[in-house]
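Colleague: Take a look at the letters that make up each chain.
There are 6 protein chains.
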Amino acid sequence: MIYITRKASFNAAHKLSRTDWSEDKNAAVYGKCANPNWHGHNYQLYVTVKGEINPETGFLVDLKWLKDITNEYVVEKIDHKNLNLDVDFMEGKLASTENLAVAIWEELLPHIELGGATLHSIKIYETENNFVEYFG
Amino acid sequence: MIYITRKASFNAAHKLSRTDWSEDKNAAVYGKCANPNWHGHNYQLYVTVKGEINPETGFLVDLKWLKDITNEYVVEKIDHKNLNLDVDFMEGKLASTENLAVAIWEELLPHIELGGATLHSIKIYETENNFVEYFG
Amino acid sequence: MIYITRKASFNAAHKLSRTDWSEDKNAAVYGKCANPNWHGHNYQLYVTVKGEINPETGFLVDLKWLKDITNEYVVEKIDHKNLNLDVDFMEGKLASTENLAVAIWEELLPHIELGGATLHSIKIYETENNFVEYFG
Amino acid sequence: MIYITRKASFNAAHKLSRTDWSEDKNAAVYGKCANPNWHGHNYQLYVTVKGEINPETGFLVDLKWLKDITNEYVVEKIDHKNLNLDVDFMEGKLASTENLAVAIWEELLPHIELGGATLHSIKIYETENNFVEYFG
Amino acid sequence: MIYITRKASFNAAHKLSRTDWSEDKNAAVYGKCANPNWHGHNYQLYVTVKGEINPETGFLVDLKWLKDITNEYVVEKIDHKNLNLDVDFMEGKLASTENLAVAIWEELLPHIELGGATLHSIKIYETENNFVEYFG
Amino acid sequence: MIYITRKASFNAAHKLSRTDWSEDKNAAVYGKCANPNWHGHNYQLYVTVKGEINPETGFLVDLKWLKDITNEYVVEKIDHKNLNLDVDFMEGKLASTENLAVAIWEELLPHIELGGATLHSIKIYETENNFVEYFG
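Protein chains in written order, with the numbering used here: chain A, 28 to 163; chain B, 28 to 163; chain C, 28 to 163; chain D, 28 to 163; chain E, 28 to 163; chain F, 28 to 163.
It is possible that some hints are incorrect.
The list treats identical chains as one, so a pair stands whether inside a single copy or across any two.
To be verified - Result set (DSS-like, lysine-lysine): computed pairs, CA atoms no more than 27 angstroms apart in a straight line: (1) K59 / K94; (2) K59 / K150; (3) K150 / K94; (4) K52 / K77; (5) K150 / K52; (6) K104 / K34; (7) K91 / K59; (8) K104 / K150; (9) K150 / K91; (10) K104 / K59; (11) K120 / K91; (12) K150 / K120; (13) K34 / K77; (14) K52 / K91; (15) K94 / K52; (16) K34 / K150.
No wet-lab data here; the hints were simulated from the structure.
All chains should be built: construct the whole structure from the sequences, respecting the hints.
Modeller: What follows is the structure in structure tokens.
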């Protein structure tokens with residue numbers, strides 16, 4: 028079994044804020060991440076798939092296919108967008124990196140399975156100092 | 028003459044959008060950067076000062092002082108903020124990296140001169156693929 | 028289950044040298060790392076914790092809390108210090124990256140458990156070319 | 028059990044192309060990676076070994092030994108070389124990163140076992156946007 | 028005056044070798060870079076332009092335009108190519124990073140002038156350990 | 028005229044401390060950098076030379092020569108050493124990055140001139156957040 032990872036990037040706005048909490052409570056729980064006027068990040072997304080090397084092609088999967096799927100189902104929906112307001116698969120969810128990683132896993136899983144590979148992990152850097160990993 | 032640089036980081040939301048233009052015109056000029064609901068970046072800021080080495084201390088300037096000034100007059104005003112809405116020194120300016128670099132130069136210049144050093148340049152990475160430099 | 032990682036940095040001096048060995052034997056085993064007058068590194072520390080996402084906050088843990096614990100119990104004790112001479116939790120241990128990773132695990136474990144999370148791994152880069160990981 | 032990783036680099040040419048396929052078929056399957064006149068990469072190789080810390084030395088293994096083995100059996104054979112034409116352990120294999128990771132695992136495994144450590148993984152970055160991992 | 032830089036990447040094969048020298052002489056002058064079967068790199072290209080900020084747009088230039096010009100006139104001609112064999116603007120030149128920087132300057136200069144900006148520098152990283160800069 | 032830069036690395040211990048000042052005064056001026064038991068860094072050194080491209084070789088200088096000179100006259104004297112105690116060209120100087128940059132310039136200048144190139148700058152990263160540049 029071999030593991031292959033493709034990195035993608037997207038720049039998005041968000042805030043950590045529950046709509047059913049007061050601004051004060053959001054500020055108490057989320058600190059400066061609750062700024063009502065938003066802030067944002069250059070997110071880095073690592074999609075890892077695993078499986079056997081295809082003896083005919085020497086590939087686990089075609090990286091161009093993995094890149095295209097990631098772009099179509101994830102990056103185009105969130106790049107230069109607001110995670111709280113613009114992204115269908117984040118609707119009704121707090122825009123934390125944890126929730127984002129789980130949501131991206133769920134978006135990509137069916138498409139990767141259709142391509143005959145197994146999704147292994149979603150890893151997201153929010154800044155160079157913190158990242159989240161989800162293995163399903 | 029010696030040059031010393033201190034790096035700082037801040038995470039902010041912005042959009043490229045003139046309030047006196049229609050949404051369509053903004054989209055035509057600024058593309059996805061004009062998304063009305065904002066997007067954001069992990070900005071990296073490099074402040075470079077120059078001057079003579081102080082023979083008593085072996086320093087050009089105390090880097091802690093340079094860090095503190097940069098934090099007080101710049102980072103605390105823009106980190107986890109919206110460049111279009113929350114930042115006094117960006118009021119009335121389009122939130123491009125070019126304008127941001129010039130504005131940060133103007134914010135820092137008097138404080139750095141008070142400290143006896145000469146401001147040489149402001150460099151800002153908006154993403155890992157593009158950056159702006161301003162030398163006054 | 029989700030995994031979240033926080034990066035910290037510290038700059039420290041050390042040498043690889045057993046006090047019960049001669050300088051020659053230390054040099055034979057540890058090479059230039061045994062230089063009696065010390066050398067040093069910009070260490071990078073990655074603390075990874077795991078657990079369930081709290082449905083109320085959207086967080087696994089508050090990253091500020093993880094940062095504060097790491098600073099209080101680790102970084103403040105070793106940053107700008109000598110690993111062989113100044114650090115209580117390294118006393119009597121050879122200052123290898125392996126031993127440092129295990130010692131930092133032991134320092135952080137009780138505090139992270141008190142916070143309701145599970146410590147997953149300690150990863151330390153000594154240089155950009157080598158790093159150690161410990162999973163308990 | 029502790030894990031230690033050593034990074035190495037090599038610059039090599041390759042193409043993705045089966046000698047028993049036509050140029051057209053190779054182009055259809057491998058795209059621009061099939062360019063008959065080759066292209067190349069700055070590969071980054073991470074070799075991870077695992078085991079117990081030796082209580083006498085504080086080391087899992089001597090990193091200099093791990094570096095020397097990696098250089099002798101891998102880097103010197105592929106650095107500034109053509110993966111398709113010049114490298115004995117890639118003979119008859121398509122020069123994909125997947126196949127390269129498996130081949131390097133097989134090259135290093137006996138030497139690392141002789142040194143009393145356990146090979147844990149081979150990780151290769153082909154570009155900053157994609158990498159492969161193999162765990163045997 | 029403000030300076031703005033756009034980074035691009037390309038992966039190419041090359042060798043340092045004069046066709047009018049023997050293989051031995053090439054090896055004596057260029058060492059392992061003269062390997063007859065080629066080697067390659069992940070090159071990183073930084074294109075810097077300078078000028079006044081356009082008060083209407085807040086831009087020096089539209090970075091998308093700078094990216095498109097760089098892709099059309101440079102990256103598409105050299106990415107996944109052989110610098111010695113496949114690239115029109117390197118014909119008859121030794122494929123050193125120095126010569127490549129000068130050739131890319133000459134390729135981009137007329138297109139950047141047409142766009143109303145001034146080309147300031149071409150910077151190329153061949154590896155993470157060496158780079159070349161050309162200012163015309 | 029073309030500029031070419033070679034990066035080198037070294038790991039060293041130091042402290043900021045004047046031997047003719049009390050420990051208290053050193054602590055007051057240099058903060059935690061004055062820790063009597065030392066601390067250390069992974070320094071990164073960039074040596075930039077400039078000149079004309081040699082039309083016979085396509086090179087400004089042979090990078091191997093630049094690497095060898097930098098290693099012989101700088102890196103071997105300071106890597107895994109104590110900048111205050113072990114390094115001849117730092118004797119009697121406070122071990123600041125500013126002073127180190129000037130001292131390395133003076134060490135390398137005659138050797139680079141002998142090689143027919145012009146030394147343009149010495150740049151030293153002490154950490155990823157601060158660096159010094161010296162142009163003579």
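Colleague: Confirm or reject each hint.
Modeller: Results of checking the hints against the structure:
1. In this homomeric assembly, K59 and K94 come within 27 angstroms of each other (Cα to Cα) only across copies, at 15 angstroms, whereas the closest approach inside a single copy is 34 angstroms.
2. Taking the shortest alpha-carbon separations for K59 and K150, both the intra-copy value of 24 angstroms and the inter-copy value of 25 angstroms come in at or below 27 angstroms.
3. Proximity of K150 and K94 under a CA criterion of 27 angstroms is satisfied in both settings, with 15 angstroms inside one chain copy and 20 angstroms between copies.
4. When the C-alpha separation of K52 and K77 is checked against a cutoff of 27 angstroms, the pair qualifies only between copies, where the shortest distance is 26 angstroms, while the shortest distance within a copy is 42 angstroms.
5. In this assembly of identical chains, the alpha carbons of K150 and K52 never lie at most 27 angstroms apart, being 29 angstroms within a copy and 35 angstroms across copies at closest.
6. Proximity of K104 to K34 under the C-alpha cut-off of 27 angstroms is found in both arrangements, the shortest distances being 16 angstroms within a copy and 24 angstroms between copies.
7. When the C-alpha separation of K91 and K59 is checked against a cutoff of 27 angstroms, the pair qualifies only between copies, where the shortest distance is 11 angstroms, while the shortest distance within a copy is 39 angstroms.
8. Taking the closest pair of Cα atoms, K104 and K150 come within 27 angstroms of each other only inside a single copy of the chain (18 angstroms); across copies the shortest separation is 30 angstroms, beyond that limit.
9. Taking CA atoms no more than 27 angstroms apart as the test, K150 paired with K91 passes in both settings, with 19 angstroms inside one copy and 20 angstroms between copies.
10. Taking CA atoms no more than 27 angstroms apart as the test, K104 paired with K59 passes in both settings, with 26 angstroms inside one copy and 12 angstroms between copies.
11. In this homomeric assembly, K120 and K91 come within 27 angstroms of each other (Cα to Cα) only across copies, at 21 angstroms, whereas the closest approach inside a single copy is 31 angstroms.
12. For the homomeric pair K150 and K120, the shortest alpha-carbon distance inside one copy (18 angstroms) is at most 27 angstroms, but the shortest distance between copies (31 angstroms) is not.
13. Proximity of K34 and K77 under a CA criterion of 27 angstroms is satisfied in both settings, with 15 angstroms inside one chain copy and 23 angstroms between copies.
14. Taking the closest pair of Cα atoms, K52 and K91 come within 27 angstroms of each other only across two copies (17 angstroms); inside a single copy the shortest separation is 45 angstroms, beyond that limit.
15. In this assembly of identical chains, the alpha carbons of K94 and K52 lie at most 27 angstroms apart only when taken from different copies (22 angstroms versus 40 angstroms within one copy).
16. Taking identical chains as interchangeable, the C-alpha atoms of K34 and K150 lie at most 27 angstroms apart whether they share a chain (9 angstroms) or sit on different chains (15 angstroms).
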